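Residue numbers (my numbering), protein chains in the order written: chain A, 1 to 428; chain B, 1 to 428; chain C, 1 to 428.
The hints are simulated quantities; they were obtained by calculation from the structure and are not laboratory data.
Source: prediction; values computed, not measured.
A couple of the hints might just be wrong.
As the list claims (entries may be wrong) - Cut-off 20 Å, straight-line C-alpha distance, at most; resulting in silico cross-link-like pairs (EDC-like, lysine to aspartate or glutamate):
1) A/Lys138 <-> B/Asp136
2) B/Lys138 <-> A/Asp131
3) A/Lys79 <-> B/Asp136
4) C/Lys138 <-> B/Asp131
5) A/Lys348 <-> C/Asp123
6) C/Lys272 <-> B/Asp215
7) B/Lys117 <-> B/Asp67
8) C/Lys280 <-> C/Asp253
9) B/Lys79 <-> B/Asp122
10) A/Lys138 <-> C/Asp142
11) A/Lys269 <-> C/Asp215
12) B/Lys138 <-> A/Asp142
13) A/Lys187 <-> A/Asp277
14) B/Lys348 <-> A/Asp123
15) B/Lys279 <-> B/Glu369
16) A/Lys341 <-> A/Asp142
17) A/Lys117 <-> B/Asp122
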Amino acid sequence: MKPSHTLFAMSLMLSSVAFAGSELDSLLGVLKANGTIDEAQYQRLIAEQASSKSELAEASLPRSTADASSGLKIVSANKQFSAQLGGRVEVHGAVYNDDGINMGDGTTLRRARIYVKGKLYDDWQYKFEYDFAASDLKGVKDAYLSYRLKEGTELIAGNYRVPYSLEALASSHANTFMERSLGFAFKPGWHLGAGANLSGANWTWNTGVFGDTADQNTAGEDGEWIVGSRLTWLPYQANSSLVHLGIAGLYGDRGDHSDMTYKSGPESKVTKINLVDTKKITGVDSYSQTGLEAALTLNRFNLQAEYMAATLRRGEGDLNFDGWYIQSSYFLTADSRSYKKGRYAPVKPRSILGRNGIGAWELAVRLSEVDLSDADIFGGQQQDLTLGLNVYATPQIRFSAEYIEVLATSNPKTAEPELFQLRAEWVL
Amino acid sequence: MKPSHTLFAMSLMLSSVAFAGSELDSLLGVLKANGTIDEAQYQRLIAEQASSKSELAEASLPRSTADASSGLKIVSANKQFSAQLGGRVEVHGAVYNDDGINMGDGTTLRRARIYVKGKLYDDWQYKFEYDFAASDLKGVKDAYLSYRLKEGTELIAGNYRVPYSLEALASSHANTFMERSLGFAFKPGWHLGAGANLSGANWTWNTGVFGDTADQNTAGEDGEWIVGSRLTWLPYQANSSLVHLGIAGLYGDRGDHSDMTYKSGPESKVTKINLVDTKKITGVDSYSQTGLEAALTLNRFNLQAEYMAATLRRGEGDLNFDGWYIQSSYFLTADSRSYKKGRYAPVKPRSILGRNGIGAWELAVRLSEVDLSDADIFGGQQQDLTLGLNVYATPQIRFSAEYIEVLATSNPKTAEPELFQLRAEWVL
Amino acid sequence: MKPSHTLFAMSLMLSSVAFAGSELDSLLGVLKANGTIDEAQYQRLIAEQASSKSELAEASLPRSTADASSGLKIVSANKQFSAQLGGRVEVHGAVYNDDGINMGDGTTLRRARIYVKGKLYDDWQYKFEYDFAASDLKGVKDAYLSYRLKEGTELIAGNYRVPYSLEALASSHANTFMERSLGFAFKPGWHLGAGANLSGANWTWNTGVFGDTADQNTAGEDGEWIVGSRLTWLPYQANSSLVHLGIAGLYGDRGDHSDMTYKSGPESKVTKINLVDTKKITGVDSYSQTGLEAALTLNRFNLQAEYMAATLRRGEGDLNFDGWYIQSSYFLTADSRSYKKGRYAPVKPRSILGRNGIGAWELAVRLSEVDLSDADIFGGQQQDLTLGLNVYATPQIRFSAEYIEVLATSNPKTAEPELFQLRAEWVL
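Okay, chain A solo, but in the shape it has when bound:
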């Protein structure tokens, strides 16, 4: 047996370990043809390898993978199927420097969401999410099925967020502040509906038609019918920097339910008090809302602003309300915000607190305002200034501290309270 033969055999053997298939048979065939082994030896060796080959075959097959870094996740070997159990829990604590009104210091379980989501045959995706926290958020959140017609064209049906507002659509784990701004009074939130989500390399366009929310179970007709659409554009994107522009509009027909309410707390939800509140506005036939979005991320630096306006049509004359915020943040560590398809995504710190670093640290400031008074409706005006510190300990865990000063409020029962609040938040 020449050295080169030996090496050839070795090379085939090594292959056979990986492919565990025909290579060993080929080798034995070659050796028999060369006269190195006789027919009897050949038959015996073929038989001897049979059982070990089948075990090898199984061991070297691609397998489904299981991941524990974000809840439980399983991905099929061919990547066409996946399923994940995940969630998000938030605990808030707040102390209020009450100014004429007892706002209620304390603690609260703000969010406790568990979801199951998955992919079927590559093109179908589903998600079901429920919030278990004993708050006004309790109930069904995402509960949708989507189908990818082709890359960048997705059909969706079920309970999902009406496409409106940059901060309303981003996860609370991705937004910079503990609570969304005062203008979140205009949030449409989740509704049962169907629509199309289109996207390209640097734009998204989502449109849908919606009825009740999933947790409404009223006897009459659906409370309202909404058509909503949102268009976003990234005129600039490079590495960790981007410029985001967005515009959204929605039209709501109030159907049987002509009463509407807009209200907002002091960007803190340990208290249940809403400093601005239109109370029940009766006789609303329809309403429309518009939204303008702009954001800039330059590595560690962020600037983000939105303007939201609502017009309510009723017999006694239209009502106009609006709100806006402008916010900025800066990472003390070499981190930056993430962005995906028209929304900011959760920050992924470059280092892990307590292992290879201190996580990501971010300072933030926000000025926001809302005006819910018009004609005979005295919902009130409010303006807040917020200073915040975020510590992203790991990609899953985040701590926040905020000082909020209510700069101005027309609420007659209170002057301008201050508040300090803390949050621990983790995704699973």
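Based on the hints, put chains B and C in the right spot on chain A.
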């Protein structure tokens, strides 16, 4: 070294990859015995292989498997243990041609069930399921533990469905129509109980004793005590064809709770209106129900019928109510219904919509009737005709469209409404 | 090629199967250096191995493991991450020999808990648990995040049990009896808070500050502020035997919510009746509780006792209540209780019912008392004697039967009822 020795060594080596155990030691022993290696070399090589052998051993062990095609599922390597997180979500939309009564067009999240089920030591099985939809279905569904005494003999305890009615026991994912028939007024539903489930190759016999439902948490005695039994028989079964016959009976003692109600909507649950409704019947001491089932599946063709009757015993004299349905369906594609242990199971389409085909398409028609009037109780009569189309996109995803015409109703407030409804349903 | 060269090459090859990395390249390098193969052969062989090597690499990498024996569990290959979906379901049935009061025989779904817990980067742990049973237990249970500063020093925040009482802190799957003792009236239960958990080889010391419970969502200030601390010590521990001593204290400031209630049922929760009940005690400024614990496990034999006392401070004068129990159990099979970090843990039977044995069988007896009367508050006294039998079928499944005799109660509406109750419990 002779070629045959080399080959023998190679054959052992290959085995060692698979078995990663004693074969390499054997090889080295042989080589040492042959004088090919000396004692020192032998000891060194044995030591060198140790760590790589242990890694090989681990890599070639049979492993638990993880599956993502139906929620998350894990099966232990020895198949004795399994655990699965799954569920089912349904979104319905309906438009009613109201005839004298506002039934309420709109959308609803009809079901949102998440379950965990599993197998322990081969013979024990458990399931816990909760419905998160804000409907009358919200709450604990299956919550049972079962033990297989031997093949075909299973003991079960916990919250599970009283064995009654072919369509009541089948999953909504397996039933042909969006809603069960008018006779579903007689559904006993889930109760806390214990029983025995017996089965053979072509028969099942389930019997149980039941108390409260899991979601009842009343201060007094359990609302009722129920004994229920159901026997099914497959006189014919071959490939995709079968004949099913079934008979069921249940007896309920009303105990402390002598009030009863039977009611039924128009086979549509977006509206909350029940066109037939006995309202509260007082003074019921006990009641009994009987059910007859017959079904025929001939490849693509199905025919299914049930008759349900109830007798309520009270001081003022007995009351008798009944209902029935007959339905037929035909697959336009080369598909057929599935059946397992006395129940129809979800359809598994032969092709996947958008990948290798159009899924499974099924046309269906149903006529159903219920009579809830007797003696002094005027619950009303109703008769419905339903035309349906089902598109099974994948084994997990199904879309339905139905036109229902209420042929007759004794409800004084309405004549005969028509309705059109759509459903998207997916299991996870 | 000398035999020793061949063997050296073989040894490298075998290593390459396991490490699938640089060893094959090393071998080829050696063979080229020896002149066994020429440059062209070397290049070709290097190229040929490339694809099989990468497949080998993947196949031989340590993988995450998936486990189905306790819900679904995934552990990452490096053991730094894990995630588990688990839970616990309990069905109770009870018959009461009512003595002057209708307690309500029947069945109930006592607990139906589902949790997700996990480990992130080794040092972070989280858990979220919800009870779905329609009982007073329904709602958020554990919802915490903890961080291990170093071995034996853990920081924790979120909703978790105030550290108080051996039986209150143990899982119902680990406690000997179906319900905790009469003194469980003093349970602080779960609250939103933060604290430190310290532990050594034979001691634990847990301290925390707490506000509302997670399910309280009141508008005013948190109902109370609690500081609690518990110290446990194992003066003796060997194999299946141990001596446990514990002491705990807590101080509660009632803040806005000055009303308090202590109450207790007859150690049975199918009935909703509390035989002792202080009803609403008004004007409580603050309260404190102390607890003493002692337990002995000697292989099959167990002895456990606790004393709990509460002092309520109010304008009209202090109130003092207390309670205690002493219990003993003995395993008929060669089993014993488990213990971990200051708490008893679920029993792991040595044999599996129906496979290799009969599981673990345990006889138990308990005497317990509570006194909720003092000054102007007539909550009542009660003393119960319980005889119990536990059958641990598998580590996950347990059945219990109990006979309880109320030896004495000052409740004017009843003399001393007897009761018999059964439980089926399984963890998933």
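Hints, one by one, checked against the model:
no.	hint	verdict
1	A/Lys138 <-> B/Asp136	17 Å, holds
2	B/Lys138 <-> A/Asp131	15 Å, holds
3	A/Lys79 <-> B/Asp136	38 Å, violated
4	C/Lys138 <-> B/Asp131	15 Å, holds
5	A/Lys348 <-> C/Asp123	18 Å, holds
6	C/Lys272 <-> B/Asp215	14 Å, holds
7	B/Lys117 <-> B/Asp67	14 Å, holds
8	C/Lys280 <-> C/Asp253	17 Å, holds
9	B/Lys79 <-> B/Asp122	8 Å, holds
10	A/Lys138 <-> C/Asp142	17 Å, holds
11	A/Lys269 <-> C/Asp215	15 Å, holds
12	B/Lys138 <-> A/Asp142	17 Å, holds
13	A/Lys187 <-> A/Asp277	14 Å, holds
14	B/Lys348 <-> A/Asp123	18 Å, holds
15	B/Lys279 <-> B/Glu369	18 Å, holds
16	A/Lys341 <-> A/Asp142	18 Å, holds
17	A/Lys117 <-> B/Asp122	29 Å, violated
Hint violations for this structure: numbers 3 and 17, all remaining hints satisfied.
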